[in-house]
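Protein chains in written order, with the UniProt record's numbering: chain Y, 1 to 305; chain F, 1 to 305.
A hint or two may mislead.
[Unchecked claim] Derived lysine-lysine pairs resembling DSBU-like cross-links, with alpha carbons at most 35 Å apart:
(1) F:K154 to F:K51
(2) F:K113 to Y:K276
(3) F:K154 to Y:K104
(4) Y:K113 to F:K264
(5) F:K154 to Y:K49
(6) Y:K299 to F:K113
(7) F:K164 to F:K216
(8) F:K216 to Y:K49
(9) Y:K224 to F:K6
(10) F:K216 to Y:K276
(11) Y:K49 to F:K113
(12) Y:K299 to F:K162
(13) F:K264 to Y:K51
(14) Y:K51 to F:K154
(15) Y:K299 to F:K6
(16) Y:K51 to F:K156
(17) Y:K6 to Y:K164
(18) F:K49 to F:K104
(19) F:K131 to Y:K276
(20) Y:K216 to F:K104
(21) Y:K6 to F:K113
(22) F:K154 to F:K104
(23) Y:K299 to F:K154
(24) Y:K6 to F:K154
(25) F:K113 to Y:K113
(26) Y:K276 to Y:K260
If you are wondering where the hints come from, they were derived from the structure by calculation, not from laboratory data.
2 protein chains.
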Amino acid sequence: MEFELKILGSSSATPSYNRNHTAQILTIGNQLNLIDCGEGTQMQLMRYKVKHQRISNIFISHLHGDHFFGLFGLLSTMHLQQRTTPLTIFGPPGLADILTLQFKYSNTHYNFKLDFQELDTTVHQQIFEDKYITVHTLPMQHRVSCCGFLFREKPKPRHLVKAKLPDFLSPPQLVRLKNGEDILDETGNILVRNEDVTSEPSRSRSYAYCSDTRYKEDIIPYIKGVDLLYHEATFLDNMLERAVYTYHSTAKQAATLALKAEVKRLLIGHFSARYKDLTPLLEEAKAVFDNTHLALEGKTIGILE
Amino acid sequence: MEFELKILGSSSATPSYNRNHTAQILTIGNQLNLIDCGEGTQMQLMRYKVKHQRISNIFISHLHGDHFFGLFGLLSTMHLQQRTTPLTIFGPPGLADILTLQFKYSNTHYNFKLDFQELDTTVHQQIFEDKYITVHTLPMQHRVSCCGFLFREKPKPRHLVKAKLPDFLSPPQLVRLKNGEDILDETGNILVRNEDVTSEPSRSRSYAYCSDTRYKEDIIPYIKGVDLLYHEATFLDNMLERAVYTYHSTAKQAATLALKAEVKRLLIGHFSARYKDLTPLLEEAKAVFDNTHLALEGKTIGILE
């Protein structure tokens, strides 16, 4: 199953050097999740040939413009292009108010069902679950209510080793084997031992999105060992004071968190407009955590099972 | 003095074929006026090297997203880039509500004074005046409150013919001559006859912006003879029924209005996403009014004095 992140934008505050505002697409199987939606996101989706009609969930971290001003236009385009599939938007308090007021003045009644899920950004809790994944909030520390998101695949079924499977097993028995059960006979004795005919399940992949926030170690238990951590790195560490003052992080801090949380890979983004060349940010982070990459527009990061 | 229109976008409803949503910059002297502000306008301003800090007035025709969803981001960027110059926004009822709610949730307090001027879109009236120009509303007929805008230079002073000017004239007397007065002696007799020492003033230029609207002849008296008319032409005339139903116009209708209003030049825009090639729209309009042009992104139309 596909588990892939696509970067649509990674500029903080003001768009600059052709870097667009924050937006990412996380594809898990057939499901597209949009994470944040800065201005111009619908154009970026077109540019990278991502079909917006396939997006089923939108996650908005906070109500600063560079993270959600593209939402109005995207919803409007979905409506004008005859979307009928329901859409769920997860966001902080206020987002529903803002959208409702705009619908009122534009006299808009969408063709599709729009479900708002208002988030408590101060806690770590599950906000979404389907057959394959769960999504939890990650409390951030920013100037307004803000949370990150942790996407995690659910535990997967064990693999059946076909060469070792007896012929007499029925489909329900195969399901039980996949779920880790032994197959018993009528008297309760083990007929087929699970470990003899199955192998370990594929691992469950995970992605943590942390933006915008001050450096914040108390989220480490939640993101421990994730396959991919996106963490904002608005500034270089020589601007640490400014980072603290504006409730942002430095590249060094992002890498330190990645190191302490023992994540597999780090992606930094939300770059300040003062950095035309992003190499110093990358180098600063890599000095602490080598497997760091820049969240450049158009970049795709697939995570293998 | 410069009188120049720059097209930043001309796509209707949904952005398509790299055509952005409606936005235009009308430069009159040192003053930049932004007319409508679709999503991505701040990026288009950057692309065409228009300094947003020089914009003093923003005119929003109506509250459909393709005409104002870029406003939030542009204002935010003005604020983040330390604007201190006051800004006036002219727009229909509701715009102030929408912006105020966003400021509340993003906890934003702008560095610069933002003045909202709520428009009555149903009447033709003056909404702005300075030393050089006036701006009037043009009532449109659309699905929500909507008006166009008529920009007109004020009558200009007469030119002094230096070779014919007597030496003895004082600066106040020269001003009176420019204003068309004769210069009298102490007894009230004509000392210098105006027409002997001055020539006709430069003409006053004008620009009418009409979007979005059904074909509407009752605005002809207001736009009669303007130098440049921008009129929406969402559809070809073979979709007239759809144009009427959606409160839009066809290219033929735009040209018919230009012809009847005896304007000097017509610019058509607000193209439906169904037209990848815009040539048929241009040809349809030119068949009725030859001096028609497409409102293509990046195009600049200067009007000479």
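Do the hints match the structure? See the list:
no.	hint	in the structure
1	F:K154 to F:K51	holds, 26 Å
2	F:K113 to Y:K276	holds, 30 Å
3	F:K154 to Y:K104	violated, 38 Å
4	Y:K113 to F:K264	violated, 48 Å
5	F:K154 to Y:K49	violated, 49 Å
6	Y:K299 to F:K113	violated, 40 Å
7	F:K164 to F:K216	violated, 49 Å
8	F:K216 to Y:K49	violated, 39 Å
9	Y:K224 to F:K6	violated, 52 Å
10	F:K216 to Y:K276	violated, 49 Å
11	Y:K49 to F:K113	violated, 41 Å
12	Y:K299 to F:K162	violated, 66 Å
13	F:K264 to Y:K51	violated, 43 Å
14	Y:K51 to F:K154	violated, 50 Å
15	Y:K299 to F:K6	holds, 33 Å
16	Y:K51 to F:K156	violated, 54 Å
17	Y:K6 to Y:K164	violated, 40 Å
18	F:K49 to F:K104	holds, 31 Å
19	F:K131 to Y:K276	violated, 41 Å
20	Y:K216 to F:K104	holds, 26 Å
21	Y:K6 to F:K113	violated, 39 Å
22	F:K154 to F:K104	violated, 40 Å
23	Y:K299 to F:K154	violated, 53 Å
24	Y:K6 to F:K154	violated, 53 Å
25	F:K113 to Y:K113	violated, 39 Å
26	Y:K276 to Y:K260	holds, 29 Å
The structure fails hints 3, 4, 5, 6, 7, 8, 9, 10, 11, 12, 13, 14, 16, 17, 19, 21, 22, 23, 24 and 25 (numbered hints given earlier, in ascending order).
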